[in-house]
Structures are given as C-alpha cells and as structure tokens.
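Chains as they are written, first to last, in this note's numbering: chain A, 1 to 168; chain B, 1 to 285.
Just so you know, the hints here were simulated from the structure itself, not pulled from any lab data. Just so it is clear, CB atoms sit at the ideal spot from N, CA and C, and this is done for glycine as well. Fair warning: there could be bad hints in the mix.
Label-pair distances were calculated between CB atoms; the ranges are [to be verified]:
hint : chain 1 : residue 1 : chain 2 : residue 2 : range
1    : B       : R202      : A       : A39       : 51 to 59 angstroms
2    : B       : R250      : A       : P65       : 44 to 52 angstroms
3    : B       : S263      : A       : P125      : 24 to 32 angstroms
4    : A       : V43       : B       : A247      : 35 to 43 angstroms
5    : A       : R13       : B       : I203      : 53 to 61 angstroms
6    : B       : I203      : A       : R104      : 37 to 45 angstroms
7    : B       : G207      : A       : V43       : 48 to 56 angstroms
8    : B       : I203      : A       : P125      : 21 to 29 angstroms
9    : A       : F53       : B       : D243      : 45 to 53 angstroms
Below, a sample of chain A positions facing chain B; criterion: calculated Cβ distance under 7 angstroms [as the list claims (entries may be wrong)]:
hint : residue
10   : L22
11   : R87
12   : G88
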Amino acid sequence: MTGRVDPIPKEARDFQGRRAGLVTRVAAAAIDVGVTVIALLLVYAAVCAVVFFAPPRGFDPPTPPPWLAVTALHVALVLYLATLWNRGGRTYGCHLMGLRVVDRKGRLLRALPALLRAAFCVIFPIGLLWIAVSRANRSVQDVVLRTSVVYDWDVRPQVRATATPDLS
Amino acid sequence: MGESAPGQLSTTARLAAALTGAAVLATRGAARIVVPLGHVALHPPLVPERLHPGRALDALTDRGREALTSTGSDLHRLVAAVVPIVVNEVLDSLDLNALIREQVDLDGIVATVDIDAIVAQVDVAAIVSRVDINAIVAQVDIDAIVAQVDIGAIVDRLDIDAIVKGIDLDAIAERIDIERIIARVNIDAIVAGVDMNAIIGRIDLAGIAEDVINEIDLPEIIRDSTGTMASQVVREARMQSIDADEAVARLVDRVLRRRRARSTTAPHQPAPPSYDGPADDELPR
Numbered sequence: 001m002t003g004r005v006d007p008i009p010k011e012a013r014d015f016q017g018r019r020a021g022l023v024t025r026v027a028a029a030a031i032d033v034g035v036t037v038i039a040l041l042l043v044y045a046a047v048c049a050v051v052f053f054a055p056p057r058g059f060d061p062p063t064p065p066p067w068l069a070v071t072a073l074h075v076a077l078v079l080y081l082a083t084l085w086n087r088g089g090r091t092y093g094c095h096l097m098g099l100r101v102v103d104r105k106g107r108l109l110r111a112l113p114a115l116l117r118a119a120f121c122v123i124f125p126i127g128l129l130w131i132a133v134s135r136a137n138r139s140v141q142d143v144v145l146r147t148s149v150v151y152d153w154d155v156r157p158q159v160r161a162t163a164t165p166d167l168s
Numbered sequence: 001m002g003e004s005a006p007g008q009l010s011t012t013a014r015l016a017a018a019l020t021g022a023a024v025l026a027t028r029g030a031a032r033i034v035v036p037l038g039h040v041a042l043h044p045p046l047v048p049e050r051l052h053p054g055r056a057l058d059a060l061t062d063r064g065r066e067a068l069t070s071t072g073s074d075l076h077r078l079v080a081a082v083v084p085i086v087v088n089e090v091l092d093s094l095d096l097n098a099l100i101r102e103q104v105d106l107d108g109i110v111a112t113v114d115i116d117a118i119v120a121q122v123d124v125a126a127i128v129s130r131v132d133i134n135a136i137v138a139q140v141d142i143d144a145i146v147a148q149v150d151i152g153a154i155v156d157r158l159d160i161d162a163i164v165k166g167i168d169l170d171a172i173a174e175r176i177d178i179e180r181i182i183a184r185v186n187i188d189a190i191v192a193g194v195d196m197n198a199i200i201g202r203i204d205l206a207g208i209a210e211d212v213i214n215e216i217d218l219p220e221i222i223r224d225s226t227g228t229m230a231s232q233v234v235r236e237a238r239m240q241s242i243d244a245d246e247a248v249a250r251l252v253d254r255v256l257r258r259r260r261a262r263s264t265t266a267p268h269q270p271a272p273p274s275y276d277g278p279a280d281d282e283l284p285r
C-alpha cells in the first residue's frame, strides 16, 4: 500500500500538526490536575485504611499539614507529566483532548527535557496564558524549552527522539 | 537577164498553182467515184454481213486500238513500280523536319487555325463515353506505382499544423452521428478480447481504495456504527475546544490589531508506516 486510511475525522484533519490553542490546553491541564488529585486521594484513602486496620479502636484519620499536601500534589504532578510526556508525548488530559507534546523537531521529549517542562508547568502554570498572545500558540514553557503542543488525534505511538533522523 | 528571173518565177508559181488545183480537182473527182465503190467493195450487196470485207477491216481497227491501249497500261505499271522507290530514296535523303522548320511558317499556319471552332466541334461526351475506364484501370499496376512513391518525403513536406489549423473539428464532430457509430460497435466482441486480468494488474487498487475510503470518511462510518457514546462525546469536546481556541485567538488578534494570521504549524514527526493501527484499548472511549 502506498498510503494508509486516515483515521482522523474529516473536519479535524486540517488542524492536525498545528499548535493547540489556549482553551484546549487549559482543559487538558485541568484534567491532568484532576487525575493527580484523584490519585492522591486514593493514596490518602489507602493510608487511612492501613491506619484503620492497625488499631481500629483508636482510629483517627491522618491530617497532613497543608504544605505537605501542596508539596505532594506538585511532586505527583511533575512525576505524572514528565513520565507520560516522555513515554508517549501525552498525558491523560492530552489524550482526551487530542494533544501531543513534542520537541523542536516534532519528536518525543527526552527524559530531562520532559522533567524540566513538567516542573516549569507546575511551578509557573500562569505561563500557559501566553498562548493567547503568542503568534505561534506557544506558552512560556514552550518558548523557553523550545517545545510544542500540537493537535494530534492519531492514537499511534510517536517516534522517540533518539531513534529518528532530523527532519528540520 | 535580171528582169527575166522574177517573170520566170511567177510563171512557175502559176504553173504550180494550176497543177495543184488540177490535182485537187482530180482527187476530189476520184474520191467521188472511189468512195461509193469502196463502200460497195467493203459491203457488197447480197452478201451476208458476217462475210463483208468491211467487217474484217473493223476487226483490224479494233485490234489496233487495243494495241494502243495496252501500251498505256504498261506505262502505268512502270510508273507504279518506279515512283515509290524514287520517292522513298528522296525522302530518306532529306531531313523533312528541318526542311519544314526552315521552309514552312508553322506559327503562321497555326495562327490561322481556329482552335475554338475545332474544339467546339469535338463531341467530348461522345469521346468519353467510348473510353473504357475499367479496362484502363485494370491495366494499371497500382502496387508498382505505390511502391515507387516515397511516402516519407511527402509526409516530411506536409505542414500538418497548418492543415490541422484549417480543419473545423467542431463542424466535423457535429456531423458525426455518434449514436449510429456506437450502435454498430460490437461491444461484446471488444470486451471478449480484452485481458481484464492484465488491466486489473496495472491498476493501483489499494491506492484507489484508500482514496475512496478517505473521501467517504469510512472512519466516521465505523465510529457511527460501532463507537460508544463516550467516544462521540470526546470527539465533540475536542472539536468544540478547537473552535474555542480559534475564537480566542481571533479575539486576541483583533484586540492587538494583528493583520497577519497566526503561524501555528509545528514540526511534525510522522508515525512509523509499519504500524497498522491502534489497539482497541488505545482508542478514546
């Protein structure tokens, strides 16, 4: 076969490969935060269960201090984002919204850039608003780290950066 | 003496004249006597006519005439035998063409000829009707003539472009009865001679199938027939978010008074071609 059947709906094909706009990326980020929060709540529930079964009579749910909760949320977010951006270029939020994070050559992020980008996004989330102003739909993190978040509804896995030639 | 000679001469002359006159008178008198006697002698009475001496004399007269006549026939035979030989010898010794060219004013003769009158008297139709065209054509060796024709040289000299430009193809096409031509075409015979397998082998069926599937949006049909409500919701949410992105971008660009559209195309790394498709659990539900 000389080509392949395009699985993308016709109305969305023109947008594939273009940098995503503010609304889509904020929605994906919100989903990712919600997923992380739910994951942390599940961890908290697990901890409570362990504490409950240890001395059930004197059970008192643990109440972590706010700084710990906030720190845990940030760390969990950074790990979650970095891992999934490095493995497939998309978190669950990106997966639902049809986005993919790529480097300046359109390839998957390596581990260190993915970790830096995740930390940058968690520490400075307001940088996402720069998308609305940027002529190229780039956030502050994209500008600094030379990355892009593109519409990519194709669910096939992206090629890793170390295994692909330079296409620029 | 001198005076006497003329007198003697006149006397002699007178004498001669007298004698001559006497002789004439005597002859005439004798003739008056002899002619009847001769007639009686040649045709005696009481004698059968076939025995008359005059008859024998007439026979001799006829033979003399015949002799004279026979002498003229010999002359004719002599002339008939000699003249052709002489004429041939004369003609052979002469260059008649040169002689005519030099001595005869051919232009003057031709100028006096009324060609129109001659042509007007010619019955061309009668001549043509007597010509056996079929016999003439039958004697022509068309193959030999065609074999001698250098078709290549003729074609090289033809200005095909000029000829084609001068042809009104539209007018020709309008005069062609396409339906009549098609009605006479034996489609079944043509199709029977076509190697369908060879044709199909040359067709990129896979490429055509892909184009058709993409054109009819087969993934959409599959999604409509097999997809869940969740996948439909996800797709709708994605499209609405894209529309929202476009709306926000247009609003900001309008506020910032930007005239040029945004450049949002990013570097793209295509998926590996060996990948045949996503697993079911990878599809958004």
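Query raised in the report: Looking at the structure, which of the earlier hints fail to hold?
Result: Per hint list: 5, 8, 11 and 12 violated.
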